[in-house]
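Letter by letter, the chains look like this.
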Amino acid sequence: MGIILGVIFLFPIYWTFLTAFRSEAEILKWPPNLFPVNLTVSNFQELTSRPADVPIFTWFLNSSIAAFSYATLSVVVCVLAAFALARLQFRFRDFYFKLLLASMTIPGMILFLPNYTTVSWLGWTDSLYAIILPGLGATFGVFLLRQFFIGIPKDLEEAAIIDGANLWHRIIYVIAPLSREAIITLWVISFMGNWNDYLWPLVVLYSPGKRTLPVGMSTLQGAYIHYYGVIMAGAIVIAVPSIIIFLLVQRYYVKGINVSGAIKE
Amino acid sequence: MAFAPSRDFIYEVVTMKRKIVPYLLILPHALFFGTFVIFPIFKSFYMSLTEWGLFQGMIRYVGFENYQRLFDLSKFRAQYFWQAVWVTTKFVIVTVPALVILALLLALLLNAKSLKGKNFYLTTFFLPTSIAVTVTAVIWRWIFSYRTGLVNYTLQSLGLEIIPWLTSMPWAFVAIVVTTLWWTVGWSMIILLGGLKRIPDTLYDAARVDGAGVFQRFLNVTLPGLKNVMMFVCITQALASFGLFGQSQLMTAGGPGRETLPAMLYIYNEAFNVARPRMGFAAAMSVIFGAIVLSVTFFQFYLFTRERKEGMRRATKPIT
Numbered sequence: 001m002g003i004i005l006g007v008i009f010l011f012p013i014y015w016t017f018l019t020a021f022r023s024e025a026e027i028l029k030w031p032p033n034l035f036p037v038n039l040t041v042s043n044f045q046e047l048t049s050r051p052a053d054v055p056i057f058t059w060f061l062n063s064s065i066a067a068f069s070y071a072t073l074s075v076v077v078c079v080l081a082a083f084a085l086a087r088l089q090f091r092f093r094d095f096y097f098k099l100l101l102a103s104m105t106i107p108g109m110i111l112f113l114p115n116y117t118t119v120s121w122l123g124w125t126d127s128l129y130a131i132i133l134p135g136l137g138a139t140f141g142v143f144l145l146r147q148f149f150i151g152i153p154k155d156l157e158e159a160a161i162i163d164g165a166n167l168w169h170r171i172i173y174v175i176a177p178l179s180r181e182a183i184i185t186l187w188v189i190s191f192m193g194n195w196n197d198y199l200w201p202l203v204v205l206y207s208p209g210k211r212t213l214p215v216g217m218s219t220l221q222g223a224y225i226h227y228y229g230v231i232m233a234g235a236i237v238i239a240v241p242s243i244i245i246f247l248l249v250q251r252y253y254v255k256g257i258n259v260s261g262a263i264k265e
Numbered sequence: 001m002a003f004a005p006s007r008d009f010i011y012e013v014v015t016m017k018r019k020i021v022p023y024l025l026i027l028p029h030a031l032f033f034g035t036f037v038i039f040p041i042f043k044s045f046y047m048s049l050t051e052w053g054l055f056q057g058m059i060r061y062v063g064f065e066n067y068q069r070l071f072d073l074s075k076f077r078a079q080y081f082w083q084a085v086w087v088t089t090k091f092v093i094v095t096v097p098a099l100v101i102l103a104l105l106l107a108l109l110l111n112a113k114s115l116k117g118k119n120f121y122l123t124t125f126f127l128p129t130s131i132a133v134t135v136t137a138v139i140w141r142w143i144f145s146y147r148t149g150l151v152n153y154t155l156q157s158l159g160l161e162i163i164p165w166l167t168s169m170p171w172a173f174v175a176i177v178v179t180t181l182w183w184t185v186g187w188s189m190i191i192l193l194g195g196l197k198r199i200p201d202t203l204y205d206a207a208r209v210d211g212a213g214v215f216q217r218f219l220n221v222t223l224p225g226l227k228n229v230m231m232f233v234c235i236t237q238a239l240a241s242f243g244l245f246g247q248s249q250l251m252t253a254g255g256p257g258r259e260t261l262p263a264m265l266y267i268y269n270e271a272f273n274v275a276r277p278r279m280g281f282a283a284a285m286s287v288i289f290g291a292i293v294l295s296v297t298f299f300q301f302y303l304f305t306r307e308r309k310e311g312m313r314r315a316t317k318p319i320t
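Taken in order, these protein sequences are the chains called A and B.
Take the first sequence: its position 2, counting from 1, is numbered 2 in the numbering used here, and each next residue is one higher.
Take the second sequence: its position 179, counting from 1, is numbered 179 in the numbering used here, and each next residue is one higher.
In short, the hints are calculated from the structure, not lab data.
All figures in this text were calculated on a predicted structure; none of them were measured in a lab.
Every residue, glycine too, gets a C-beta built ideally from N, C-alpha and C.
Just so you know, not all the hints are guaranteed correct.
[As the list claims (entries may be wrong)] Taking lysine-lysine pairs in the DSSO-like style, the calculated list, with each CA pair at most 27 Å apart, reads:
hint: 1; chain 1: A; residue 1: Lys98; chain 2: B; residue 2: Lys17
hint: 2; chain 1: B; residue 1: Lys197; chain 2: A; residue 2: Lys255
hint: 3; chain 1: A; residue 1: Lys154; chain 2: B; residue 2: Lys17
hint: 4; chain 1: B; residue 1: Lys43; chain 2: A; residue 2: Lys98
[Claimed, not checked] If you want the footprint, here are the derived chain A segments under chain B, 3+ residues with CB under 8 Å:
hint: 5; region: 1 to 9
hint: 6; region: 25 to 31
hint: 7; region: 78 to 84
hint: 8; region: 102 to 115
hint: 9; region: 206 to 217
hint: 10; region: 221 to 233
hint: 11; region: 246 to 253
Just chain B, same shape as in the assembly (with noise of 0.2 Å):
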């Protein structure tokens, strides 16, 4: 035999196997984690910085020049962003709220031992998420719809007058949150019912035998046990919300004006403008309302988990 493998050579390939299996179990994983989750966040940077066309070739560096344009507001541009921005906060601080209290409301209502067919209902409400946003919005289109919609049916036959829904504001931006509410109140349904089943019983117990009503059980009992649960909700519930973009650019196109038009469907507008695709002003855009995004997520976390830390350090202090 040529090659006779020593013992320690063996040895030596065997451990080393060992040491890179792992590493090739997390190669593929890591291949896309890496190529489109962490080197777009750089990317997105650089791409900030330059003028940037849709094809390869037609990228100049311009150094800050896009966010001084966002931040110029006698430019059209600037005004459109930031009302953009503003469009998206509001619906944000409209949707969230609603949408968590009437998941909560619906969760308890599920959680309720005395409602029967749970299961019917339990579909029923989480049904719509698994319909896609662009189904979402034309049947919303059509139920709101002025001449032959439902809704101004419903109006006309209790003798009230009939509203352009889609076409003027408020009206639009409050058909664009019904709809939103109809399509996603099952998802923060869900996640609040699995935190009321994991309060124990006997928290409820021994507040009745305190003498607790069914109004104080739920502040004391329920509000503090559903907490983790609350904070991941509203959470994602704001992420989500900030991302608004099917529902405004398929019911109302962004109308009347600029009314419903969100950040990130006038991102899409710059980006893929047919005329003259701006990536690069839409990249500077798209990084100043993510870092707007992280921060109001930070600032829940912070408003979350403040109270816990307070307590810990009042339970930890040292008695003087």
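Next up, chain A with everything else stripped away, as it sits in the complex (with noise of 0.2 Å):
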């Protein structure tokens, strides 16, 4: 039962991958060959011989940075809210919380047209701002943290605050060490989720040099439509980048989820 569902769902990026690795003529014979023979690197020197309007190492050097960036700025943004949300106290500190809360019900069609004409008023279009500042007030960090900080206990802090540490000294010398995995957790969703965003970088983004990956790939599919081998081999260098961290980082991914599952409780 379970070796058949495995196979079911791994085989499409094994035929991915046999794609890629093959001829034109040998990804269109019929019967096709389910086995990894007569391979070839020919789709990845086609992939990269049209640098002016596919130019596939500028979307990937484009979508790292992105990705990058607003992970890591997410983490800052969110440890330093949550920080202040969980362990100070100040008059609007429950209102923001509530209305924290009260956003995630938004649907976030209505926000995307909006958006678009704020991006576009503050000059980012077709930049990398786009990609990587609009998403920083996402709330999901911010839960996850201030959920975490909430459970650390507060003598050692208590500890460090009688031994002269003032609150730059309790956030990195205490909280985010004591936090690791949870701010792991926040940075990996994160840069995956960017990595991966399509239609948002669809909108902003329009000259072909600008483009993020994801983006790009829907460029290829339209330069070449009907040659599944390149497109395939596209589809790798977007796919691999974000299986190989996914693959090293599972465990706090899982972790995470569970903590935005586990919130709603």
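Using the hints, put the two standalone chains together into the complex.
Set out below in structure tokens:
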């Protein structure tokens, strides 16, 4: 039972790899050959041969910069906000927290048109700012970290305060190291979300050289509409980094999703 | 010394600083949250009341004209919109139960004590969620392709008629559903698995002592124990399915005809129409569609919490 399901789930990925490493003639052969024979890298050569309209390396670089910056900034922004919400007393604390909670019911579809006009007014369209910055308003990370920070015993911080620690010391030397797992989780989820995002980059990026990989993929599909080998080679270039990161940090990822499930309980 | 601050002054500065610090910490998040989550709610209402071109200075207030056009079913754009809403609704009605049931089966499988190589299966089922929608869509477009696709190859070797998956109904819809199941089922599975692990073993033991069989244990222990997690999964899954966009755009381009063209794709097409962008009209559509999605969310929430409230009422009712 498990094995059959496993094969069904993995087969499309296996098939993608196989197609990417096959010549056009081999791909169109009927019946198809299900085993890895007659492999070639010609599709990858083709993929890198049109830097003007299919600049795959530039897309790769754009995606990496955007996802890395977004994940890192998101962690910083969320740690600060979550620390204030979990540990400090101030007048609008509960109001802000309730506002965050309420905002989760807003369907995302009503946000993308006004956000497009805002981003365009800020002059961020067709630049990576548009991919990195607007997402920093997301609420998930604040919830995740606040939940985690609340669980850290206060005694540790009190001991640090007695030793003369100020607020930054408390965050950097006490809270952050103790919540390393949650922080890595947030970083990974943010990275993957940004790396795989499609609709928003499609809307705000238009020059070929400014695109990120998922939008590039749809360009690629247009440019090589019937050349599945090249398209699959592109699919591999996009999918492999996220798959590798996923396999490396799956543990954290699973935990983070579960916390998001548990928050609602 | 020209300026020697008094103790009171220092005290005031220190308390002021202490008062301001929390706000400074919140500020970066609040800035982005306000600009890109709260402000756009109001702005989308405003936009829906205008004729809004893609560029600045092409904004004209038109009142409720956009909404009138959407409810005037003799106009083709109104028909297109409601057809797209219906396509999306069908997609939600099919995918949410399918995803929840499949995810639950996979989670039960992974939670079974007898299964060997748990981590391998967990990774396998969960892996597709790490792939971008564009990649998922091209992979499955290739698998479902008419002349060279694997699915048709399988059908043919079984002696069955081959099917033009992406260009005929209902198969185009089926193809999109299957793709979505493969892509996202791991997400719900992980959450449900977490829920299963939180159900204490003692409950199962107690049920077993009372003579409950496997099926009865599932009905009376597992399902009630999963209720909260189930609510979360259903609500987030419905939200995700209402947002259907990439699969349709890249696999079928909304076709055949407009049979698989979802609301988000239609809104996108109208807002960023190359010949004549209609941002205001699209904003009106997104407001109406958003209201539909929101009411479905609240309805689900009501369904899931209703019983609990009734139970509470019954429990707290004074005995007469």
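Next on the checklist: Hints numbered earlier in the text: which of these fail when held up against the supplied structure?
Outcome noted: The structure breaks none of the hints.
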